[in-house]
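Chemist: Chains as they are written, first to last, in the working numbering: chain A, 564 to 915; chain B, 564 to 915.
Calculated directly from the structure, the hints in this document are not laboratory data. As the structure is a computational prediction, the values presented were derived from the model and not from experiment. Possibly wrong hints are sitting among the right ones.
Given that identical chains are not distinguished, each listed pair holds provided it fits within a single copy or across any two copies.
Taking lysine to aspartate or glutamate and the EDC-like style, the derived pairs with C-alpha atoms no more than 20 Å apart in a straight line are [stated by the list, open to error]:
#	residue 1	residue 2
1	LYS875	ASP586
2	LYS570	GLU830
3	LYS570	GLU738
4	LYS831	ASP904
2 protein chains.
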Amino acid sequence: MNRYWSKQVAALSPYTPGEQPRDQHYIKLNTNENPYPPSLAVATAIAGYEPDQLRRYPDPQSTDLIEALAGYHDLDRSQVFVGNGSDEVLAHAFQAFFRQQDPILFPDISYSFYPAYCGLYQIEYRQPALDKEFCINLQDYATTNGGIIIPNPNAPTGIALSAGEIRQLLADNAESVVIIDEAYVDFGAESVIGLVSEFPNLLVVQTFSKSRSLAGLRLGYALGQEHLIEALQRIKNSFNSYPVNQLTNAIALASLADEQYFQQCREKVMATRKRLAGDLQNLGFEVFPSTSNFLFVRHQSEAAENLYRKLKSSGILVRYFNATRLDNCLRISVGTDEECDALVSALGEILP
Amino acid sequence: MNRYWSKQVAALSPYTPGEQPRDQHYIKLNTNENPYPPSLAVATAIAGYEPDQLRRYPDPQSTDLIEALAGYHDLDRSQVFVGNGSDEVLAHAFQAFFRQQDPILFPDISYSFYPAYCGLYQIEYRQPALDKEFCINLQDYATTNGGIIIPNPNAPTGIALSAGEIRQLLADNAESVVIIDEAYVDFGAESVIGLVSEFPNLLVVQTFSKSRSLAGLRLGYALGQEHLIEALQRIKNSFNSYPVNQLTNAIALASLADEQYFQQCREKVMATRKRLAGDLQNLGFEVFPSTSNFLFVRHQSEAAENLYRKLKSSGILVRYFNATRLDNCLRISVGTDEECDALVSALGEILP
Chain A
564 MNRYWSKQVA
574 ALSPYTPGEQ
584 PRDQHYIKLN
594 TNENPYPPSL
604 AVATAIAGYE
614 PDQLRRYPDP
624 QSTDLIEALA
634 GYHDLDRSQV
644 FVGNGSDEVL
654 AHAFQAFFRQ
664 QDPILFPDIS
674 YSFYPAYCGL
684 YQIEYRQPAL
694 DKEFCINLQD
704 YATTNGGIII
714 PNPNAPTGIA
724 LSAGEIRQLL
734 ADNAESVVII
744 DEAYVDFGAE
754 SVIGLVSEFP
764 NLLVVQTFSK
774 SRSLAGLRLG
784 YALGQEHLIE
794 ALQRIKNSFN
804 SYPVNQLTNA
814 IALASLADEQ
824 YFQQCREKVM
834 ATRKRLAGDL
844 QNLGFEVFPS
854 TSNFLFVRHQ
864 SEAAENLYRK
874 LKSSGILVRY
884 FNATRLDNCL
894 RISVGTDEEC
904 DALVSALGEI
914 LP
Chain B
564 MNRYWSKQVA
574 ALSPYTPGEQ
584 PRDQHYIKLN
594 TNENPYPPSL
604 AVATAIAGYE
614 PDQLRRYPDP
624 QSTDLIEALA
634 GYHDLDRSQV
644 FVGNGSDEVL
654 AHAFQAFFRQ
664 QDPILFPDIS
674 YSFYPAYCGL
684 YQIEYRQPAL
694 DKEFCINLQD
704 YATTNGGIII
714 PNPNAPTGIA
724 LSAGEIRQLL
734 ADNAESVVII
744 DEAYVDFGAE
754 SVIGLVSEFP
764 NLLVVQTFSK
774 SRSLAGLRLG
784 YALGQEHLIE
794 ALQRIKNSFN
804 SYPVNQLTNA
814 IALASLADEQ
824 YFQQCREKVM
834 ATRKRLAGDL
844 QNLGFEVFPS
854 TSNFLFVRHQ
864 SEAAENLYRK
874 LKSSGILVRY
884 FNATRLDNCL
894 RISVGTDEEC
904 DALVSALGEI
914 LP
């Protein structure tokens, strides 16, 4: 604690992103990046971008992009909010909706940024425990609360709720905003965007980072009824008028227009995931049912931390969480078939 | 107020950016954008950017860019923080340093985003009045406070304090963080970056938006001693791990490396400013002494709002503030010589 810091700064528990080492080349299966490049339309958008435009401020309303996203998801433009990565969108949403009297709820095993947001905005929270199979028990959420946020599929487990289960959650919590964080939804889970018009308490958050291979671009968005989007805009316009820069805007539009490639990449990742899951099971791993672009696994005998370290020595990065209940598990991003084969081969040598 | 909003959302007074009309082509002298394109090195960086990199998350520490900025300003890398525009950097700084017991201080006429940040973080503030000539009276700041922020040169007046005056302000307020917002400093005012090592309470904020012609890129940064930068990092890592996207990083590095072009653009803007100031004085305007890329002016007889409207009808945008003490003034960004000539010519026809 420094005498110049505001009181809350010292109390923060900042998020720790997955390592992005710069010392050597790794097979990176640790941060859920897409193994395939972004759409060729992205390359075209970059090549065709006129640099002189950069001297102008962006459109503060990101009108073109918001209209394109509204069209893509069959919503009204008043139901779309964009930001500098879904992390920023989530941060604004926590501040906009979650400073209520009662604690908010999210699973004890979940995206580890949520507690960091709570620290930033001094929001109380409770974390109902996942069951032994790492599943969410929805009855834990049938209690007074100041809001709910659930990643669907959950991270780092990869396990999804059905749209029907989320519908029930929304109905049971009509007085609370329920945020469904669909960062990984494009790899096989059911989106609840279709419920936006029905539920005034639903905010869906998505990102271009995973299924659109644009983690380096930082573009996320939220979908919800107009009164929720208006609250996000009020926060954003008190924080940064122009969070989405001009090039990001142009690139996101290009990516969104290439539906065929988007579908191809999703399919390839899901096919590789299936193959990798089988290979890992053959190596003695318990593989939890994933509808995301990663697998959450636990080996029957070998400690996860050892495996993480030995894989790193072999030039392969996976994510190890040094945290209660997670410390015997690994989260492995689905790479290309070749990358996954290299992983399986390395594990074959490491395991007894 | 909506039942789903947190209490503070309804109370916010969001910032209103200058208009960016999309309906027709204007000579835009309303948002202090640079009239010259960014460095050719920027175009080269964009053309040479490999789109496949976008599938990876950026370096969360922005190591390369922070090292380059540290080198450029002759500071240590631990003294540099980067963000998604100086608006984001300022927002984090308000949260990091300004939630103290006493109200913070900034001029009554100043960057109109500051009160919006105070609303966002529930920070109390007082606004000592500029004098009749729109100058800051530093004695107003020799009082108990929870922090001070001053744009230097001030906006929308364009009037600067000297580095010696700011040194005194820092010495008189050793217990408070003093933020000097140098968004416009490259057009003739004295930077206080040289005081960073001496004053543990000084944070300097700069931007690539104006002097580097990169408003559309959104890159801002803060310079200060390590304990201040650490507080900003703690906030940032509780908000968004990767605020600076990969392309922005590459473009900013390119811009920073082209010192010659940077100096040329500054000089051209300052030369045009001098010429424009003379022309406006000849048309009956009082022109306040500017060290920024805009002029703050007041006509001896014609109402500012009328001038704003008539200029807009003529296809020229300037900034009119419908606010106490400002409602007889206009802020005019310095464009190219040709754009400024067009403005002077239009004013010649409008004025009696």
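Chemist: Using 20 Å as the alpha-carbon threshold, which applies to LYS570 and GLU830: within, between, both, or neither?
Modeler: neither (48 Å within a copy, 44 Å between copies)
Chemist: If the cutoff is 20 Å on CA atoms, where do LYS875 and ASP586 land: within, between, both or neither? Let me know, please.
Modeler: Close inside one copy (12 Å), not across copies (55 Å); limit 20 Å.
Chemist: Tell me, please, which holds for LYS831 and ASP904 at an alpha-carbon limit of 20 Å: within, between, both or neither?
Modeler: within (15 Å within a copy, 59 Å between copies)
Chemist: Between LYS570 and GLU738, at a C-alpha cutoff of 20 Å, which is it: within one copy, between copies, both, or neither?
Modeler: between (32 Å within a copy, 15 Å between copies)
Taken one by one, the earlier hints fail for this structure only at number 2.
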